[in-house]
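Heads up: the protein sequence lines correspond to chains V, X and C, in order.
Numbered by numbering that gives the first Met the number 0, the letters in the first sequence go through residues 0 to 283 in order.
Numbered by numbering that gives the first Met the number 0, the letters in the second sequence go through residues 0 to 442 in order.
Numbered by numbering that gives the first Met the number 0, the letters in the third sequence go through residues 0 to 294 in order.
Think of the hints as simulated: they come from the structure by calculation, not from any bench.
One should not assume that every hint holds.
To be verified - In silico DSSO-like pairs for lysine-lysine, Cα to Cα no more than 30 Å straight-line:
no. : chain 1 : residue 1 : chain 2 : residue 2
1   : C       : Lys5      : X       : Lys427
2   : X       : Lys324    : C       : Lys44
3   : X       : Lys307    : X       : Lys219
4   : X       : Lys411    : X       : Lys221
5   : X       : Lys427    : C       : Lys44
6   : V       : Lys227    : X       : Lys344
7   : C       : Lys7      : V       : Lys179
8   : C       : Lys197    : V       : Lys106
9   : V       : Lys50     : X       : Lys284
10  : C       : Lys44     : X       : Lys219
11  : V       : Lys198    : C       : Lys68
12  : X       : Lys324    : V       : Lys227
13  : C       : Lys5      : V       : Lys106
14  : X       : Lys327    : C       : Lys95
15  : X       : Lys120    : X       : Lys340
16  : C       : Lys44     : X       : Lys388
17  : X       : Lys284    : X       : Lys159
18  : X       : Lys327    : V       : Lys227
19  : X       : Lys59     : X       : Lys166
20  : X       : Lys219    : X       : Lys120
21  : X       : Lys344    : X       : Lys382
22  : V       : Lys198    : V       : Lys106
23  : V       : Lys270    : C       : Lys68
24  : C       : Lys44     : X       : Lys221
25  : X       : Lys59     : V       : Lys227
26  : V       : Lys198    : C       : Lys95
27  : V       : Lys106    : C       : Lys281
28  : X       : Lys307    : X       : Lys241
29  : V       : Lys179    : C       : Lys5
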Amino acid sequence: MKIRNRFRVCVTHFALAGLSVVFMFPLLWLISTALKRLEETTMHPIVWIPKHPQWHNFADAFTYGSAQLGYIPFLVYARNTLLLCILVVAGTVVSNSLVAYSFARLKWPGRDLMFAVTLSTLMVPFPVLMVPMFALFRDLHWIGTYRPLWVPAWFGSAFSIFLLRQFFRTIPFELSEAAKLDGCSEWGIYSRIVLPLSKPALAVVALFSFMATWNDFLGPLIYLIDQKTFTLSLGLQFYQSQHGGTQWHLLMAATTIVVAPVILLFFFAQKQFIQGIALTGLKG
Amino acid sequence: MAKAGFTVPILAAVVLTAWWGTERITRTVYDPTRIHVTYWEKWTGFEFQGIEAVVNDFNKSQNRIHVDLLSISDVGNKTLLAVSGGVPPDVAGLWGPNVAQYADDAAIQPLEGYCNEFGVKASDYIPVYWDICNYNGHVYALPSTPASTALYYNRDLFQKAGLDPNKPPETLEELVAMGDRITKRRSDGRLDVAGFLPAEPGWWNWAWGCVFGGRLWDGKGKITANEPENVLGFQWVQDFAKRYGPEDVQVFQSGFGNYASPENAFLTSKVAMELHGVYMNYNIKMYRPGLNWAAAPFPYPKSRPDMKGWAIADEDVLVIPRGAKHPKEAFEFIRYVQSQKAMEKLCLLHRKNSPLSHISDDFWRRHEHPYIRLFDQLARSSKVILSPKMGIWPEYSEELNNAFEEIMLMRKTPQQALDYVTTRMQPKLDQYLERLRRRGEVK
Amino acid sequence: MKERRKGKIAGLLFACPWFVGLSLFMAYPVCASVYLSFCEYSVLKPPMWVGTENYRDLFHDELFWTTIKNTGLYAIVALPFGVLLGIFLAMMLNSKVRGLAFYRTIFFLPSLLPQVSLAVLWLWVFNGDDGVLNEFLRMLHITAPNWLSDPAWSKPALVLLSLWGVGNAVVIYLAGLQDVPVQLLEAAELDGASAWAKTRHVTLPMLSPVILFNVIMGIIGTLQVFTVPYIMFPGGSPARSTYFYTMYLFDNAFRYNKMGYAAAMGWIMFLAILVLTLFALKVSERHVYYGGEAK
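All chains should be modelled from the sequences, with the hints used to inform the complete structure.
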């Protein structure tokens, strides 16, 4: 038995190590390119470890285009993306927890039907909504601002409602009953009992919505006009010029900078993250 | 519990700050002292610096109007989106081929009223460059920088192959023959150097039929992609795939670097002859100054001596989008760019030829391009080729690009590929015209 | 009585944001989009009713069918492989191996990368002449295909790319695996079940709701594939092999200004997703096991 276990652990180790090498290849290439000079990036046979690592590429990536524009695009794009993420994450957590609480723990006519409708909206592809929403925002004079990107987040989203509703139902109803007997209002139960117990699930919702906003490309592509307002996902295109002549090394350096904090965040928070998803119980 | 009492206000404060920040970033500032004209241009790098110099001159020359120049990637789509979104710039720097589509879409304003007011007329320009800006009886744009195309060839590779570098090919047949002598393969059979490759740079794939005298439509309502001259042109293209082998071409091409890089196929002497625009000279100087090259009119088909001296003409144009806040001031700026002084300054900085009919001696003297007179001459030739002025040109050129690829991959014969394009595009054109007629915008 | 009433009001109040959101950002656009699909609309001019013309044109539009074929082929391969790889990885990451945190981060990394960089990165990996992948294949003496310019290999390239991004699903599977009751596994082991048998008869059935969830999200996701091919293969080259449905929809809406046409395309896509999802749910009734939990 023990030998079988040992063997299994060995095989798993081996497989994991092998697969992670495969997975890491492109990322190693990313970092390697970030440290090259522009000419080196297109040489072949491939140079894996540049002879003279150009550490200054990272600084250059930061300031690229500043001569042209008069400000440091990278920092500006990062700041814009961060502000937008704050608004979206806050809106997502607040609105969806309220709504999910209603679906999970309050009884009202048409509730289950409404939940089924909510789930079905998951199937509506964005392209169906794209054009009318664009026209709607245009009539509101919101094109060119960030509002189309964060205001909808404050009005709920099917996916987060689903996740949180599942989770809220796992909290024993007796707690609510007891609180009600003590004269607690629904709001009180929500804010003082259910929410504090839901931190992992809320963290999951927050993280998912953060990542979605951080990487969102199509939304900013359609709604943002002024270059100064761009987000990182759009702004990275700045390293590509019209007729080619992409600054590969700077693009990769910028990417590394962009990705590093998110990687660290995930690395340290993974346990809570996975636990959170587990507790939402994606069954039923 | 006391700690919880602080978290909510702090979080709320963070959110409110973020909101304030996003509003601040996207607000438009009002300057009561001058009228601000927003100008979106496609250029980056040295070309951007060129237009920036002209804009600065304009801003310094008077104090009523201030032009705010922005470098915008994908300016064509972004402008369309901005007009749709109700927030267009006052001036946009598009391309000649955009004019028809944007005019039909009512995305840009006719300018002839302003032209009359400010004294801008056709005779100021080399005919083709004025022509590009006109559509459907209106002036919809004015030139910023023009371009024409010619044959660029590598003199060293000519010499190595035993050809006289002072005698570039005159007919397409000669080009092919010379190309064959220059083409070399590696020991493993893969292409090392190619004499000529139609797909490099691949910016004018649609034009090869026109070189043989073909037209892409009759100017009224008929798609003529599959007329005999066009088939001949694409047959000539496919002969290259046959000659080299389609897979070989693919592999060879995938190793090419980008246009504006030292790894460009022409710059690395991988391709000896190219059809390219006047601006190629700058790339050569930037990335491979030691290259021994020359330019000449692009060869014509032996069967069509009347096509001698052909060139493709294109240009960057300035338009005023519909809904622009300050159209008259926008035109004042555009008018400035059209002046002899400003236009020549811009074209010198861009290393391109000038669209104006009159060229100052100063321009010739100061121009970096050793063959600039050739490109100017070619632009004035009667055999100049333009992209068709059609609202559906984006779709049509995609279809032609696709046909070009199919032909180079030898998946279809030119006749098949062009027939396919015709059968696809004719109903689209019919429907497009029908819709314009229905809305009363008679074509 | 009053309690029930209060509860109902509270319920409706709490759910308020969603009611607004649903009507403004879902119901309205959906209805408008239905109307627009029967119109000729280019945003700068008012919509003009044309009846079923858009749908009829789509039916005759060869490019439309090409994009359906491309998207379908891509989805049929990417989805099952993605599910299999995801489960496989999750199960391995669920064992007691050293350095789990490190491995998990590595597999999850790709989904954290911005799309532009990802696309550009893989343009280099897949480069026919000197890309990483082909150098590797050549080392193994396998003929390296021309991923980016050969129409036969461009979709497989995108499938590989999508597999690289499987980390998202892995995390969800991992979470689901936490819920597999340890007692059941131990009981099975006491009964002498092999690893494979345990997987087949305990783990997978307990995981099946999560798998169903990922399959449905996967259907919805792969059918809408847009950003990466949009950046890597503009125009769907080579030879339209990677021209996917959403790309054609986007081009119609924002490049050719045919928004009515694009709206019609959107609706057809919605119907397809609806049908496929219902099909998946029907099929799942027999295979998905919902562990006891009071509804």
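query: Is X:Lys411 within 30 Å of X:Lys221, Cα to Cα?
result: Holds, at about 23 Å.
- request: Take the C-alpha atoms of V:Lys198 and V:Lys106, compute the straight-line distance between them, and say whether it is at most 30 Å.
  value: This hinted pair holds, its Cα atoms lying about 24 Å apart.
- request: Measure nothing beyond the straight line between the CA atoms of X:Lys344 and X:Lys382; if it is 30 Å or shorter, mark the hint as holding.
  value: holds, 28 Å
Satisfaction of hint between X:Lys241 and X:Lys307, Cα-Cα up to 30 Å: holds, 26 Å
- prompt: Taking 30 Å as the top limit, are the C-alpha atoms of C:Lys197 and V:Lys106 close enough?
  reply: Violated: C:Lys197 and V:Lys106 sit about 41 Å apart, past 30 Å.
Hinted pair V:Lys106 and C:Lys281, Cα distance within 30 Å: holds, 29 Å
- prompt: Taking 30 Å as the top limit, are the C-alpha atoms of V:Lys179 and C:Lys5 close enough?
  reply: Roughly 12 Å separates the two Cα atoms, so the pair holds.
message: Would the hint linking X:Lys59 and X:Lys166 be met if the CA-CA limit is 30 Å?
response: Measuring from Cα to Cα gives roughly 49 Å; hence the hint is violated.
field: Holds or violated: V:Lys227 to X:Lys344, with C-alpha atoms at most 30 Å apart
entry: With a Cα-Cα distance of about 29 Å, the restraint between V:Lys227 and X:Lys344 holds, given a limit of 30 Å.
message: Next pair to validate is V:Lys50 with X:Lys284; report whether the Cα-Cα distance is within 30 Å.
response: holds, 28 Å
query: Quick one, are X:Lys219 and X:Lys120 close enough, alpha carbons at most 30 Å?
result: holds, 26 Å
message: For X:Lys284 and X:Lys159, compute the direct alpha-carbon distance and say whether it is at most 30 Å.
response: Distance ~22 Å between X:Lys284 and X:Lys159 Cα, so the pair holds.
Violated hints for the displayed structure, listed by number in ascending order: 1, 8, 11, 14, 19, 23.
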